[in-house]
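Visitor: Please model the complete structure; the sequences and the hints are all you need to start from.
From first to last, the protein sequence lines stand for chains A and B.
So the first sequence is numbered by the working numbering: it starts at 2 and just counts up by one.
So the second sequence is numbered by the working numbering: it starts at 2 and just counts up by one.
No lab work stands behind these hints, which were simulated from the structure alone.
Treat each hint with caution, since some may be false.
Same chains, same label: a pair holds when it works inside one copy or across any pair of copies.
As the list claims (entries may be wrong) - Subject to a maximum C-alpha distance of 25 angstroms in a straight line, what follows is the list of computed DMTMM-like cross-link-like pairs (lysine to aspartate or glutamate): (1) K263 with E100; (2) K235 with D254; (3) K156 with D198; (4) K263 with E246; (5) K142 with D198; (6) K193 with E246; (7) K242 with D254; (8) K193 with D140; (9) K193 with D254; (10) K193 with E100; (11) K242 with D198; (12) K156 with D254; (13) K235 with E72.
Protein chains: 2
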Amino acid sequence: MNIGFIGLGVMGASMAGHLLAAGHRLGITTRTASKAQGLLDQGAHWYPTPAALVTDCEVVFTIVGYPQDVEAVYFGSDGLMSALQAGQILVDMTTSSPELAIRIATATEERLALALDAPVSGGDKGAREAALSIMVGGDAKAFETIKPLFDLMGKNIVYQGPAGSGQHCKLCNQIAIASNMLGVCEALAYAKRSGLDPHLVLSSISTGAAGSWSLSNLAPRILDGDFEPGFFIKHFIKDMKLAVESAQSLGFDAPGLSLALKQYQSAAQQGLENAGTQALFRVYTKQED
Amino acid sequence: MNIGFIGLGVMGASMAGHLLAAGHRLGITTRTASKAQGLLDQGAHWYPTPAALVTDCEVVFTIVGYPQDVEAVYFGSDGLMSALQAGQILVDMTTSSPELAIRIATATEERLALALDAPVSGGDKGAREAALSIMVGGDAKAFETIKPLFDLMGKNIVYQGPAGSGQHCKLCNQIAIASNMLGVCEALAYAKRSGLDPHLVLSSISTGAAGSWSLSNLAPRILDGDFEPGFFIKHFIKDMKLAVESAQSLGFDAPGLSLALKQYQSAAQQGLENAGTQALFRVYTKQED
Chain A
2 MNIGFIGLGV
12 MGASMAGHLL
22 AAGHRLGITT
32 RTASKAQGLL
42 DQGAHWYPTP
52 AALVTDCEVV
62 FTIVGYPQDV
72 EAVYFGSDGL
82 MSALQAGQIL
92 VDMTTSSPEL
102 AIRIATATEE
112 RLALALDAPV
122 SGGDKGAREA
132 ALSIMVGGDA
142 KAFETIKPLF
152 DLMGKNIVYQ
162 GPAGSGQHCK
172 LCNQIAIASN
182 MLGVCEALAY
192 AKRSGLDPHL
202 VLSSISTGAA
212 GSWSLSNLAP
222 RILDGDFEPG
232 FFIKHFIKDM
242 KLAVESAQSL
252 GFDAPGLSLA
262 LKQYQSAAQQ
272 GLENAGTQAL
282 FRVYTKQED
Chain B
2 MNIGFIGLGV
12 MGASMAGHLL
22 AAGHRLGITT
32 RTASKAQGLL
42 DQGAHWYPTP
52 AALVTDCEVV
62 FTIVGYPQDV
72 EAVYFGSDGL
82 MSALQAGQIL
92 VDMTTSSPEL
102 AIRIATATEE
112 RLALALDAPV
122 SGGDKGAREA
132 ALSIMVGGDA
142 KAFETIKPLF
152 DLMGKNIVYQ
162 GPAGSGQHCK
172 LCNQIAIASN
182 MLGVCEALAY
192 AKRSGLDPHL
202 VLSSISTGAA
212 GSWSLSNLAP
222 RILDGDFEPG
232 FFIKHFIKDM
242 KLAVESAQSL
252 GFDAPGLSLA
262 LKQYQSAAQQ
272 GLENAGTQAL
282 FRVYTKQED
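Guide: Okay, here's the thing in structure tokens:
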């Protein structure tokens with residue numbers, strides 16, 4: 002297929018690379034030229050704007066940073082909507098707001114085109130290894146068309162429902178992680194404070210009812226003093242804000258989520274916004290200094 | 002060995018049964034005679050009081066409900082301490098306060114005997130299948146002596162350090178679970194509120210970074226409307242209170258734990274104290290009715 006890809010960050014570059022490697026024609030546009038070079042060397046085609054890109058494509062994938070970036074790529078001057086034609090498919094894989102996903106779907110349908118919201122989880126590693134979980138909302142027929150392309154990027158690909166459903170599902174994912182990170186960090190900090198060897202504590206509690214991906218994968222990094230980002234605190238704060246806003250608009254109160262956002266904002270205020278989410282631990286250990 | 006066992010609840014009865022089945026002499030005492038019958042039929046010996054029981058034993062295990070029950074069994078008139086002799090070993094497997102574990106150890110040592118605090122996780126199922134995680138604090142030599150008996154009851158047996166360390170470790174376990182349950186219930190409630198199919202959401206999020214024992218094991222029960230107790234809310238509230246008190250005495254602030262306790266107390270106020278911990282979900286869905 003003729004595929005466009007916008008957003009060649011650490012994850013996007015890997016994902017676009019898988020599409021290109023599978024033999025598809027790949028068009029790209031980036032604000033930062035250097036980010037494109039690797040893919041151009043492998044045969045990708047450069048376009049100056051999203052509008053120019055979409056003209057040559059059957060489907061365009063986007064995975065950018067913040068909802069305002071999505072807004073600019075889709076609705077800005079020279080954005081995707083300005084040149085969208087009937088039958089084309091737009092797939093936003095950014096973690097963004099369900100409301101914006103619905104606005105994109107509505108605007109797309111008005112142009113007789115189709116949209117999907119398809120945020121992912123799995124991080125850099127999942128993108129590199131084509132092992133992402135992809136949560137898909139939007140037009141069901143568009144999902145069937147795009148499914149073989151998702152298969153090139155991910156492993157656990159689930160159609161969740163109409164436009165916005167992919168984003169809602171991703172927010173569920175972040176809500177579950179948010180409170181669990183409080184538990185992981187508080188358990189480790191309590192272990193240290195009470196004089197236990199936290200490595201021994203992990204060997205007792207990691208495999209039972211307290212077990213979680215975060216406890217198995219992030220807690221050992223915390224104990225090694227490794228706060229390098231797998232997932233940036235600043236991006237997690239963005240996601241939790243989206244979840245809080247969406248919950249509010251649904252009239253739903255999620256106090257664990259709100260508390261986690263508050264604790265992560267404290268971490269950001271301590272200068273940890275570019276650290277990994279496991280650096281939340283430092284908010285708790287600061288008390289001990 | 003000559004073993005005593007006090008506390009023949011759902012877990013204790015299984016654990017004592019494993020000791021008896023391995024060929025040890027088992028002495029028991031219960032307040033409720035009916036709870037003893039199964040073990041008496043298998044050859045256990047009945048004693049009227051803890052004091053009478055300890056006289057015939059090399060080691061006595063206890064696993065009772067609340068710290069005040071531990072206090073009564075150890076320090077009450079006709080309690081274990083009243084008849085304890087040099088060289089005997091007392092092992093409290095109740096989830097109780099680290100401070101009480103230290104008091105028991107001190108009183109035991111004054112009588113030239115030895116004590117361990119060895120709370121467990123794994124629930125009814127872990128007790129039945131001899132697959133408990135056992136977190137042990139107290140005298141290291143006593144641990145070596147008792148280890149073969151722990152092996153009859155559990156699989157993941159870790160010596161955590163001096164008296165109270167087993168209890169501290171168990172509180173770490175409960176701290177990690179407490180906040181995670183907020184995340185699990187909030188994610189599922191958000192899924193329902195936003196119109197998603199929560200079963201589909203689980204298939205997207207259970208195996209990735211949001212994954213946890215609770216999400217894999219309790220969330221499906223929530224969606225089936227199964228709020229039967231694997232672990233009672235009233236007992237989890239007890240454990241979280243112990244953790245909050247212990248954290249306070251260490252000068253450590255654990256806001257996720259405090260919030261989880263508050264939410265579970267709301268559940269208890271709704272009449273859910275004898276439901277399983279997954280019934281926390283109802284605190285969130287009540288809003289939706």
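Visitor: Failing hints, ascending?
Guide: 12
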